[in-house]
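> Spelled out, the chains give:
Protein chains: 4
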Amino acid sequence: MKEKDTAILLFHCPDRLGIVTEITKFITDNNGNIVYLDQYVDKLDHMFFMRVEWELDNFLIPADKISEYFDTLYCKRFDISFHLYFGNVKPRMAIFVSKMSHCLYDLLARYNAGELNVEIPCIVSNHEDLRYVAEQFGIPYYVWSINKDWSNKQEVEAAEMQMLRDLKVNFIVLARYMQIISDEMIASYPNRIINIHHSFLPAFVGAKPYHQAYQRGVKIIGATSHYVTAELDAGPIIEQDVVRITHKDTPDSLALKGKDLEKIVLSRAVKKHVERKVLTYKNKTIIFS
Amino acid sequence: MKEKDTAILLFHCPDRLGIVTEITKFITDNNGNIVYLDQYVDKLDHMFFMRVEWELDNFLIPADKISEYFDTLYCKRFDISFHLYFGNVKPRMAIFVSKMSHCLYDLLARYNAGELNVEIPCIVSNHEDLRYVAEQFGIPYYVWSINKDWSNKQEVEAAEMQMLRDLKVNFIVLARYMQIISDEMIASYPNRIINIHHSFLPAFVGAKPYHQAYQRGVKIIGATSHYVTAELDAGPIIEQDVVRITHKDTPDSLALKGKDLEKIVLSRAVKKHVERKVLTYKNKTIIFS
Amino acid sequence: MKEKDTAILLFHCPDRLGIVTEITKFITDNNGNIVYLDQYVDKLDHMFFMRVEWELDNFLIPADKISEYFDTLYCKRFDISFHLYFGNVKPRMAIFVSKMSHCLYDLLARYNAGELNVEIPCIVSNHEDLRYVAEQFGIPYYVWSINKDWSNKQEVEAAEMQMLRDLKVNFIVLARYMQIISDEMIASYPNRIINIHHSFLPAFVGAKPYHQAYQRGVKIIGATSHYVTAELDAGPIIEQDVVRITHKDTPDSLALKGKDLEKIVLSRAVKKHVERKVLTYKNKTIIFS
Amino acid sequence: MKEKDTAILLFHCPDRLGIVTEITKFITDNNGNIVYLDQYVDKLDHMFFMRVEWELDNFLIPADKISEYFDTLYCKRFDISFHLYFGNVKPRMAIFVSKMSHCLYDLLARYNAGELNVEIPCIVSNHEDLRYVAEQFGIPYYVWSINKDWSNKQEVEAAEMQMLRDLKVNFIVLARYMQIISDEMIASYPNRIINIHHSFLPAFVGAKPYHQAYQRGVKIIGATSHYVTAELDAGPIIEQDVVRITHKDTPDSLALKGKDLEKIVLSRAVKKHVERKVLTYKNKTIIFS
Numbered sequence: 005m006k007e008k009d010t011a012i013l014l015f016h017c018p019d020r021l022g023i024v025t026e027i028t029k030f031i032t033d034n035n036g037n038i039v040y041l042d043q044y045v046d047k048l049d050h051m052f053f054m055r056v057e058w059e060l061d062n063f064l065i066p067a068d069k070i071s072e073y074f075d076t077l078y079c080k081r082f083d084i085s086f087h088l089y090f091g092n093v094k095p096r097m098a099i100f101v102s103k104m105s106h107c108l109y110d111l112l113a114r115y116n117a118g119e120l121n122v123e124i125p126c127i128v129s130n131h132e133d134l135r136y137v138a139e140q141f142g143i144p145y146y147v148w149s150i151n152k153d154w155s156n157k158q159e160v161e162a163a164e165m166q167m168l169r170d171l172k173v174n175f176i177v178l179a180r181y182m183q184i185i186s187d188e189m190i191a192s193y194p195n196r197i198i199n200i201h202h203s204f205l206p207a208f209v210g211a212k213p214y215h216q217a218y219q220r221g222v223k224i225i226g227a228t229s230h231y232v233t234a235e236l237d238a239g240p241i242i243e244q245d246v247v248r249i250t251h252k253d254t255p256d257s258l259a260l261k262g263k264d265l266e267k268i269v270l271s272r273a274v275k276k277h278v279e280r281k282v283l284t285y286k287n288k289t290i291i292f293s
Numbered sequence: 005m006k007e008k009d010t011a012i013l014l015f016h017c018p019d020r021l022g023i024v025t026e027i028t029k030f031i032t033d034n035n036g037n038i039v040y041l042d043q044y045v046d047k048l049d050h051m052f053f054m055r056v057e058w059e060l061d062n063f064l065i066p067a068d069k070i071s072e073y074f075d076t077l078y079c080k081r082f083d084i085s086f087h088l089y090f091g092n093v094k095p096r097m098a099i100f101v102s103k104m105s106h107c108l109y110d111l112l113a114r115y116n117a118g119e120l121n122v123e124i125p126c127i128v129s130n131h132e133d134l135r136y137v138a139e140q141f142g143i144p145y146y147v148w149s150i151n152k153d154w155s156n157k158q159e160v161e162a163a164e165m166q167m168l169r170d171l172k173v174n175f176i177v178l179a180r181y182m183q184i185i186s187d188e189m190i191a192s193y194p195n196r197i198i199n200i201h202h203s204f205l206p207a208f209v210g211a212k213p214y215h216q217a218y219q220r221g222v223k224i225i226g227a228t229s230h231y232v233t234a235e236l237d238a239g240p241i242i243e244q245d246v247v248r249i250t251h252k253d254t255p256d257s258l259a260l261k262g263k264d265l266e267k268i269v270l271s272r273a274v275k276k277h278v279e280r281k282v283l284t285y286k287n288k289t290i291i292f293s
Numbered sequence: 005m006k007e008k009d010t011a012i013l014l015f016h017c018p019d020r021l022g023i024v025t026e027i028t029k030f031i032t033d034n035n036g037n038i039v040y041l042d043q044y045v046d047k048l049d050h051m052f053f054m055r056v057e058w059e060l061d062n063f064l065i066p067a068d069k070i071s072e073y074f075d076t077l078y079c080k081r082f083d084i085s086f087h088l089y090f091g092n093v094k095p096r097m098a099i100f101v102s103k104m105s106h107c108l109y110d111l112l113a114r115y116n117a118g119e120l121n122v123e124i125p126c127i128v129s130n131h132e133d134l135r136y137v138a139e140q141f142g143i144p145y146y147v148w149s150i151n152k153d154w155s156n157k158q159e160v161e162a163a164e165m166q167m168l169r170d171l172k173v174n175f176i177v178l179a180r181y182m183q184i185i186s187d188e189m190i191a192s193y194p195n196r197i198i199n200i201h202h203s204f205l206p207a208f209v210g211a212k213p214y215h216q217a218y219q220r221g222v223k224i225i226g227a228t229s230h231y232v233t234a235e236l237d238a239g240p241i242i243e244q245d246v247v248r249i250t251h252k253d254t255p256d257s258l259a260l261k262g263k264d265l266e267k268i269v270l271s272r273a274v275k276k277h278v279e280r281k282v283l284t285y286k287n288k289t290i291i292f293s
Numbered sequence: 005m006k007e008k009d010t011a012i013l014l015f016h017c018p019d020r021l022g023i024v025t026e027i028t029k030f031i032t033d034n035n036g037n038i039v040y041l042d043q044y045v046d047k048l049d050h051m052f053f054m055r056v057e058w059e060l061d062n063f064l065i066p067a068d069k070i071s072e073y074f075d076t077l078y079c080k081r082f083d084i085s086f087h088l089y090f091g092n093v094k095p096r097m098a099i100f101v102s103k104m105s106h107c108l109y110d111l112l113a114r115y116n117a118g119e120l121n122v123e124i125p126c127i128v129s130n131h132e133d134l135r136y137v138a139e140q141f142g143i144p145y146y147v148w149s150i151n152k153d154w155s156n157k158q159e160v161e162a163a164e165m166q167m168l169r170d171l172k173v174n175f176i177v178l179a180r181y182m183q184i185i186s187d188e189m190i191a192s193y194p195n196r197i198i199n200i201h202h203s204f205l206p207a208f209v210g211a212k213p214y215h216q217a218y219q220r221g222v223k224i225i226g227a228t229s230h231y232v233t234a235e236l237d238a239g240p241i242i243e244q245d246v247v248r249i250t251h252k253d254t255p256d257s258l259a260l261k262g263k264d265l266e267k268i269v270l271s272r273a274v275k276k277h278v279e280r281k282v283l284t285y286k287n288k289t290i291i292f293s
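Just so you know, the protein sequences line up as chains A, B, C and D, in that order. For the first sequence, my numbering puts the final residue at 293, and the numbers step up evenly by one. For the second sequence, my numbering puts the final residue at 293, and the numbers step up evenly by one. For the third sequence, my numbering puts the final residue at 293, and the numbers step up evenly by one. For the fourth sequence, my numbering puts the final residue at 293, and the numbers step up evenly by one.
All clues given are correct.
Any copy, or any two copies together, can satisfy a pair, since identical chains are not distinguished.
No more than 25 Å apart at the CA atoms, straight line, and that leaves these computed lysine-lysine pairs for DSS-like:
id, residue 1, residue 2
1, Lys29, Lys47
2, Lys212, Lys157
3, Lys261, Lys275
4, Lys212, Lys286
5, Lys47, Lys281
6, Lys80, Lys29
7, Lys252, Lys288
8, Lys276, Lys261
9, Lys172, Lys276
10, Lys281, Lys252
11, Lys103, Lys275
12, Lys47, Lys80
13, Lys288, Lys275
14, Lys47, Lys275
15, Lys172, Lys281
16, Lys8, Lys261
17, Lys47, Lys252
18, Lys94, Lys69
19, Lys69, Lys281
20, Lys47, Lys261
Honestly, the hints are just simulated from the structure, not real lab data.
Please put together the full structure from these sequences, using the hints given.
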């Protein structure tokens, strides 16, 4: 059975009396059948957050007018910021990789199994190593080598961004991509570049976190998926998970155990993003259920 | 049934052929029945670590001579550092507290239930707040107020250390004691002061870790028990644990959830220490099973 | 600062358009400031569940009339079942224990620290063993021995129930109480007797779950807190947690590790119950955030 | 750098004085450099278990004679049962699948990344569905349909077993293979068929465990990897893991969350098996570190 098309509205605004009532009334008065509603009030900041999804088949406002109507009727009145998505539009996801395959395989295996509601127009890399994986799944693989002195970095990123525009890419997943992304590229995809960092952030920012963890002698290691912002490893955290280790672990065994964390944490974050269940506010995420 | 008295030997030395054989032969040749043996080789550092426990009832070397014999026969030969303990000697534990009762109650409840093989000659505090808990359990409670300008800190610590010596205290547990311990005091109890820090170290070192965690927007919080060294929150980690949180948590709810972690993590660490299952090497711990 | 008094409404009904709107409108139209709203739709059963809490200081309907008004205005119309509570009324909790102290200490330590918003008029036991704990906390301790042949069980339970009525007890916590509760007593406290079972239910129902776990060779053990129903260990589950074990664990060490689980899981469940965040439906619980 | 070849010895016997000494002396006296030693004493059963690995390059006993020498010199004397493996021999693994790809992808991705030290001569299925995955990785895929009335089951299994013998398969991984294995086939691969069951065994044995979990209202679900024995879902457990769920989960969302558990738990178990770190005793496993 084909699922009905839905509108998905995420918004936040200063908290005040009656917002839920107003917005749900707007939807139901216009014959929208609400199939999902989750809300959250940040009482410290007095902010209200909501995700609501409704079926469009009998909705009186045409899909391409909903945004305009919602903006006009509510946004100024309640000081609302919002995003509107449609359930039948698959976001287009670019995957950036370097040499390690575990996160890439995990994403592609889910994609093939129909678990990830996206299009994947390209896989981008700075190395040839994983071309064979892209070929296994029949996805175009593009390699741009960046010189060690970064002399061609600006030019490479310009070409990459042109390609991402051409391919109408909506968001980027850095699946253990071992390159710094420039501020300009980050600015072009605000809260739309998802990274996996192989530590329990904010512990062990930067390079070689498993070596850092080994040196510090921690008893638990983690992985963190976050949106990329200008400051390294400091963007809004989407998902984290951990695994227990012991003194017997070496940096190598930590890296092996960590790979299982990395791929699961990254895939969970990507899934939440794709399902439009992540809202970002003040360098933090609200994750709807 | 009374358990037989045992000797517990922890040691480490450069790794080389035949150490296990030599040491177990030493014990069994002298009629010691080995009831526990756990070992670990750090292959990166080429170091060997071992914990062995044997029954003393038929052991041919008198208990008070074991240390001397072991030292003479093996330590120079194998470049061994060791600690020798006896199973029937209860270590004497001082508990330092400030105003929060959860860790103190957890330790004392275990002590009362016979789970913690220690003597507790005193509870020390910088506040009167928890005297009633000490009185519930019939344990002497000593208060030394430290001035805000630390003008009497040296004097207070001198008095405390005199008391700890008088009471033959072997090790100290800081059960959410909100005071910096001086380097001198730390030096007097090397790897014998156990602290609980209310974060997943090395994330959120220092003051107000739950507020730091809230600000950073992490999805998991933790607690860390470690030996106190001169550098703040940087000593060898004994035990850590974590709990999942969400965007709905406030600093207050984090603190509440964290309290359950803190008490369990601290008590686990204290137990490992009391059972002589912790060996410290290069600012890390080896935890025997 | 004293918190304002609130009304807490939990209800469920068949799902239909506009319920949230209706109910929040009812509250806000009558000047109630909503401080909490959480809802859940069971799409398989087409049921709607909601917990809403609002401040009473300016509410136009008197507190003692809210129940009547809500019933009249909405319950028939929407086929609603509801519970109404008031934030400033502390529920009265009886604790039943046998010989093990860990859960009792954990509850009482929280109670003393102000973490548990209850009155504890009595601790009930079938043994004298834990009287000293009750005395440490100044709470009346009542012992009724039940004969091994259960010849006096009916009579004892009659006396217990009379006492619970006299003491106006609202709910009962079985803190490792090793006695079967009769169906009659269960019927008197529907979904108001909270038990802790020392296994990951439905694995290892009944006696000696740690021995069962040891025999089966599981790699993880658990604890389960649930409401007591007529069928043994089969009532609605409120909270569960687990801990990893190894082949090195014995039934004794499992029991020790399990004790930490039991007390935390039980206390979490009691807290959720006391905060009126548990709704029971079809032998399952909805746990509001 | 090529790793040196090693011998790996796993054995168990009744516990008695001096076994470690004897066996390590046997190895070191013959110029074997021990690179791994882990042991475990089951004090309730008075059994001794050990895994020891040593380098063969200077070992005085030829590799193909070690088994005979060890048997002659120690097995009767100490009543030892043992397995001997060589580090440079890759075990040959058959994977059985039905329609779900997640476990298969996870194993093959690891295999491709060099994480799993095996040969995979075949993937076997009762359906065509996953042939494309096998083809992506260039591994032969064999399909045998089993009739619904099992009329051809005996014949199919005979053919499968002939093929497994022809391909010199050492062990079988059931990667969500939805068919009962006959007792005869199980008997041919004792403790060498690894299954993944999608529940936290022994809870929810048999069919549709996620539906069972949903019905029971548990707050945590799990997955269990175990050796297959004649009794359904009752063989020695190798690895388990769990994930927290809520009342919001449906059987479908449980199945989705569970898939991540299943693949990680199965792969961990396969890895332990391949590394020769699993010893089976009395329907339980000893897992060496």
